[in-house]
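Student: Chain by chain, the residues run as shown.
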Amino acid sequence: DDGRHPATAPRLPHHHPQEIMHAIRSDLSEFKCGLAHLFLHHTSASLTLNENYDPDVQTDTETFLSRIVPEGPSAPWRHTIEGSDDMPAHIKSSMFGCALTIPITDGRLNMGTWQGIWLCEHRDYATPRTIVITLSGI
Amino acid sequence: DDGRHPATAPRLPHHHPQEIMHAIRSDLSEFKCGLAHLFLHHTSASLTLNENYDPDVQTDTETFLSRIVPEGPSAPWRHTIEGSDDMPAHIKSSMFGCALTIPITDGRLNMGTWQGIWLCEHRDYATPRTIVITLSGI
Amino acid sequence: DDGRHPATAPRLPHHHPQEIMHAIRSDLSEFKCGLAHLFLHHTSASLTLNENYDPDVQTDTETFLSRIVPEGPSAPWRHTIEGSDDMPAHIKSSMFGCALTIPITDGRLNMGTWQGIWLCEHRDYATPRTIVITLSGI
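Chains as they are written, first to last, in my numbering: chain A, 1 to 138; chain B, 1 to 138; chain C, 1 to 138.
Treat the hints with care, as some may be off.
Said to hold, decoys possible - In silico DSBU-like links for lysine-lysine, alpha-carbon gap of 35 angstroms or less:
#	chain 1	residue 1	chain 2	residue 2
1	C	Lys32	B	Lys32
2	C	Lys32	A	Lys32
3	A	Lys32	B	Lys32
To be clear, the hints were calculated from the coordinates, so they are not data collected in a lab.
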């Protein structure tokens, strides 16, 4: 499978975008052992794996990112033409990365009990986000 | 290969967990060219590649992470029910990531001279950690 | 393909190293659907994907990294034997990572419009850098 799957979310890490899971469920079932590669087509959002249970973990992660990457008039950025939240978003995207590779076992993503896929939107006003998913294996 | 390999370590990045290397050595030998994917089943630890020689690099990395992610009563986290080291561990896990993909050449991991696999334990009291290893190639 | 491709760059993130693109263009054309894995053989440089248009984004990213990872006599590092820029480089390497996996579609890297491959040199005086590229797919 190699399709484009749009997803949107407000500024915040969000776990387990339902669109992603729904899009690949049937394709996953064809693999006994393999890898699922998720690739975000953007430089101001990111994909990461983290806690899928308590939504405070997502809020706290946003708190951390906003503290560590300065924003607004006092920030030292030269790249400001697209808004004060743009350069911080680029930095956060490289910090967390825009791709994930997850093992497939017996037709399902083989993740830990508490692991969920987070789509992290780092812009204030999100546009639709495209994820390319590539499945491989036997 | 797609097995679960337990590993434990105190809070600190540790290079080259011997359990990992031992578990995959014979399987690796079957591949002339390929990829080894290591996937940690947890959200409060991480996998990264870094210097495998001077253990001070691991200590300094821990110093950096502890400075950059605040911990304790004055930290701004809402997710504190599992202890003051838990939310910082989640953040560090997303910063470094929980997976590695390493090329295989002629039956061995094709890494640089100074590169070692680090299992980074971000909790104070580690529980056993599970790594799923998937090898592919020819 | 699994070859070593040398590349050099001064301290700064640089997008789209031409050597990389040139090295794999003809090999890529053999794949209708697959994955390209780029793996840097070093612990004081990194690979990331980010904005490929405005070079200020690279400058601002360097500004961020230099602010967040202290350097020089007042920095807390024990690992200083290779120079004051060495331990910060190790940390930045783990923050951004030393590997990328990018989907291949119809013989080309399937990236977003604004995504470019950045080779981030974190040492002041760069030595040649080796990247191992592994292509897989159908």
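Student: Verify the proposed pairing of C:Lys32 with A:Lys32, using a straight-line Cα cut of 35 angstroms.
Tutor: holds (23 angstroms)
Student: Given the hinted pair A:Lys32 and B:Lys32, is their Cα-Cα distance within 35 angstroms?
Tutor: holds (23 angstroms)
Student: Do the alpha carbons of C:Lys32 and B:Lys32 lie within 35 angstroms of each other, as the hint requires?
Tutor: holds (23 angstroms)
Violated hints are absent here; each numbered hint is respected by the structure.
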